Structures are given as structure tokens and as C-alpha cells.
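Read top to bottom, the protein sequences are chains G and A.
Position 69 of the first sequence, counting from 1, maps to 68 under numbering that gives the first Met the number 0, and the rest follow consecutively.
Position 102 of the second sequence, counting from 1, maps to 101 under numbering that gives the first Met the number 0, and the rest follow consecutively.
No lab work stands behind these hints: they were computed from the structure.
The structure presented is a predicted model; accordingly, all values stated were derived computationally and were not measured.
Ideal Cβ placement from N, Cα and C applies to all residues, glycine included.
Treat the hints loosely; a few may be bogus.
In silico contact screen, one side only, chain A against chain G (beta carbon under 10 Å); selected entries [what the hints assert, rightly or not]: (1) Glu12; (2) Glu14; (3) Gln34; (4) Pro140; (5) Ala170; (6) Lys192; (7) Gly194; (8) Val199; (9) Val210.
Number of protein chains: 2
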Amino acid sequence: MSEFVPSTVRPEEIEARSFAIIAEELGEHSFTEEQFSIVQRVIHASADFDLGRSLRFHPQAVEAGIRAIREGRPVVADVQMVQVGISKARIERFGGRVHCLISDPDVAEEARRQGTTRAIVSMRKAARMAEGGIVAIGNAPTALLELIRLVRAGEARPALIVGVPVGFVSAAESKAQLAGLDQPPFITNEGRKGGSPVAVAIVNALSLLAVSEAGAR
Amino acid sequence: MSEFVPSTVRPEEIEARSFAIIAEELGEHSFTEEQFSIVQRVIHASADFDLGRSLRFHPQAVEAGIRAIREGRPVVADVQMVQVGISKARIERFGGRVHCLISDPDVAEEARRQGTTRAIVSMRKAARMAEGGIVAIGNAPTALLELIRLVRAGEARPALIVGVPVGFVSAAESKAQLAGLDQPPFITNEGRKGGSPVAVAIVNALSLLAVSEAGAR
Numbered sequence: 000m001s002e003f004v005p006s007t008v009r010p011e012e013i014e015a016r017s018f019a020i021i022a023e024e025l026g027e028h029s030f031t032e033e034q035f036s037i038v039q040r041v042i043h044a045s046a047d048f049d050l051g052r053s054l055r056f057h058p059q060a061v062e063a064g065i066r067a068i069r070e071g072r073p074v075v076a077d078v079q080m081v082q083v084g085i086s087k088a089r090i091e092r093f094g095g096r097v098h099c100l101i102s103d104p105d106v107a108e109e110a111r112r113q114g115t116t117r118a119i120v121s122m123r124k125a126a127r128m129a130e131g132g133i134v135a136i137g138n139a140p141t142a143l144l145e146l147i148r149l150v151r152a153g154e155a156r157p158a159l160i161v162g163v164p165v166g167f168v169s170a171a172e173s174k175a176q177l178a179g180l181d182q183p184p185f186i187t188n189e190g191r192k193g194g195s196p197v198a199v200a201i202v203n204a205l206s207l208l209a210v211s212e213a214g215a216r
Numbered sequence: 000m001s002e003f004v005p006s007t008v009r010p011e012e013i014e015a016r017s018f019a020i021i022a023e024e025l026g027e028h029s030f031t032e033e034q035f036s037i038v039q040r041v042i043h044a045s046a047d048f049d050l051g052r053s054l055r056f057h058p059q060a061v062e063a064g065i066r067a068i069r070e071g072r073p074v075v076a077d078v079q080m081v082q083v084g085i086s087k088a089r090i091e092r093f094g095g096r097v098h099c100l101i102s103d104p105d106v107a108e109e110a111r112r113q114g115t116t117r118a119i120v121s122m123r124k125a126a127r128m129a130e131g132g133i134v135a136i137g138n139a140p141t142a143l144l145e146l147i148r149l150v151r152a153g154e155a156r157p158a159l160i161v162g163v164p165v166g167f168v169s170a171a172e173s174k175a176q177l178a179g180l181d182q183p184p185f186i187t188n189e190g191r192k193g194g195s196p197v198a199v200a201i202v203n204a205l206s207l208l209a210v211s212e213a214g215a216r
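Okay, chain G solo, but in the shape it has when bound (with noise of 0.2 Å):
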């Protein structure tokens, strides 16, 4: 087997001019330094600049998810996709650790006793489960809508929900209602696109904060 080696083969190497590229084409923006490396991980995941543009952020966001990152507090992924894409390493050295709900068996169970998704009654035991901590939603908006009532009902208190759904019914609108939540503290975005990688990385760039100098404070 001839030892060919693709001239670019070192994933930092990679990703540290994927970040050049990105911050030069993205040019003028008003996100805070801590968003933009938010944005700039999910426009590197995407490779979709409008994307990027279209976060939106709570004004104690970062410093939210950061503080919760920091305290050990469980992340609950809405779907398995963004349970495996999220970086373990740095959620555990915390003591935190990454959770999906949506396999567990009594969630099944409840959402065929119930004649509802599984989607929503994932919500249901996160919101028991994620106090204090990150829930976050990159597939359904059917569970983001679920959480934002179960907020509204006082019946769920996370630190931080990064909602960021894709599709083209309701997804749009459920991130419009998460946009309007006083409390907690969100990361959305407007519009139709999102999806698990998206959440993937915002929860990978804030624990990217939360493991460093700047997280520090």
C-alpha cells in the first residue's frame, strides 16, 4: 500500500484555517467576541454563512451555559445524533455529563400511553433532569415548543436551551417563541435551517470557553 499521505491531514491544522477562511469571508458583524466563536463553529460546521448570521443570542447566554458547563450541570440532547457529536472530554472533566432521553423506555412507554411524540415526552423527563443545566434541541421542533411551555408553566428550569431546530414546519416558529422567552437565557436562530450539527457546535463552543483562560473569569 503506497503511503500517500492528502497534503492537509492534521484536523487542527484544518480547522485553524477553516477559521482564518471563515472570520475573513464573514467580514463585519456585531456579535461579542464570545458569540463569534460560537458563530464562527457553527459556520464551520455548516459551511453556510447565512446560518451563521442568523444566531441569535440571549444577552447571559454564554455566560450561562459557561457557568453550567462549569458547575458539572447535565446537557440533554433532544436526539442521539447530538449526544455522539458532542465533545465528551470537556463536559466530564466538570463532572457534567451528556444525556438523550428519547431511547429510554419509559419515555416510549409514556409517549404511546399518552398518544404523543417521544420527542415530547423526552421533554418532559429533561425538564426533571436539566435543571440548572443545558437542554439541547437540533431536530424537532415539536420538543422545543414542549419545553418552552413546560418553561412557561414553571415546570422547567435550565440554565441554558440552545434551540436550534431545522425544517419547514414549525421549526421556524418555534425558535421565534424561544426568541421571545425573557428567561432562561437561549441561543436560537431565525429562520428554517439548524439541525444537530448546529447544536453540536455551539454546545462544543461553549465548553471550548468554559475550558478556557476566557471562561475563566
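Knowing the structure of chain G, use the given hints to seat chain A on it.
Coordinates of chain A only, in the frame set by chain G:
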């Protein structure tokens, strides 16, 4: 707990409404009916019409993918996000399995020993495993470049390559190389965009075709 249920709850119903919106907004295109069922699912997963329009199909790609699934050949995903996103039931009913090799201990060990990446070494292992099967790459351009090298060297003979890595460094170039292959058949796209949900959507659309009447030709 109140029993408010959002107006659109059923995933099947949401999907049907989404697909109608996509067909209407996409308008004219030159994809075949089977190719369009894949394009539609990619747009559904990304809410990105440009990404859908950027898909490129080798003339035998759909047929080769359906046949590989119906013959129970392996599906190898480059990363775990792709592996967990692929619907297993329709693959496994034909005897196939969905693999991801990047976290295998022997892959990590070999990468360390050779001073290269796990993405590259995992493709060398995939080449041995996925003869006659499907290799789906949603993340790493270096993995796709290595697989193309193995194909050219006669060391990899998959039935179909689904190559849709995302990114700013080498992604577009790796996909242009793939689109230049005469064999094996491929499904790819032009440009920087792509990603795990795109790879997942393509494989899931193929397995739907495999189980449908259309796939039973």
C-alpha cells in the same frame, strides 16, 4: 401537568407537509424521480434548497445503492453522527449492518503508529469491510480523499460511495475528485456544504427506495 399538545405532533404528518412544501418551492429540476426522492430528503434535513440542487448522481448510483441494501451488504459511516442517524430497521431487514470504525482500538493504534489520522486509517479498514457495500462520508474530506486513493489503487471496491463532507479546506476538492470517478457509482454534491445529516438523508432515502415497490424492480 396540563395536557396541551402542539397542533402538529405526528412526525409522519409533519414529514408529508414538509415534502409538499419542498416539491412546490424547488420547482423545475432535472433529477429523475428516484434521485428527486433523495434530493427531497436532503432538503428536508437541511432546509437548504441550494444544497439540494448541488447534489450530483453517478448514472448507476441509485440502482447500486438499492441493490447493495437489498443484498444485505454493509454500510460503513465515517463518523458516529452518521452511524446513529441512519435508520437501522430498513437496512437490517435485508441482513445488512451499519458500521463506524473510527473509534475502533486497532484504528486508533494504527493511526498513532503511522502518524496519520483515525479518519484515514478507518477508511483503509472500511475498504476491506465494505466490498460491495456502501461507504457514507459526511464529515472528513481526508477520509474521502483516502477512499478515492484506495479505489484508484484497486484496493477498495464499494458498490456506492456517498461522499458529502462539509468544510472550507479540501471538502469541495474531495467531492470534485469523487465526481470524476467512472467507477464506483457515487452520490455527492458540489461546493463546501454537506455534513452528517446530508449523508444520513441520502442513505435513509436509499433504504426507503429499497423497501418500496419502486425499489423492487
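Comparing the hints with the structure gives:
no.: 1; hint: Glu12; result: 8 Å, holds
no.: 2; hint: Glu14; result: 9 Å, holds
no.: 3; hint: Gln34; result: 20 Å, violated
no.: 4; hint: Pro140; result: 8 Å, holds
no.: 5; hint: Ala170; result: 7 Å, holds
no.: 6; hint: Lys192; result: 5 Å, holds
no.: 7; hint: Gly194; result: 5 Å, holds
no.: 8; hint: Val199; result: 8 Å, holds
no.: 9; hint: Val210; result: 22 Å, violated
Against the hints set out earlier in the document, violations occur for numbers 3 and 9.
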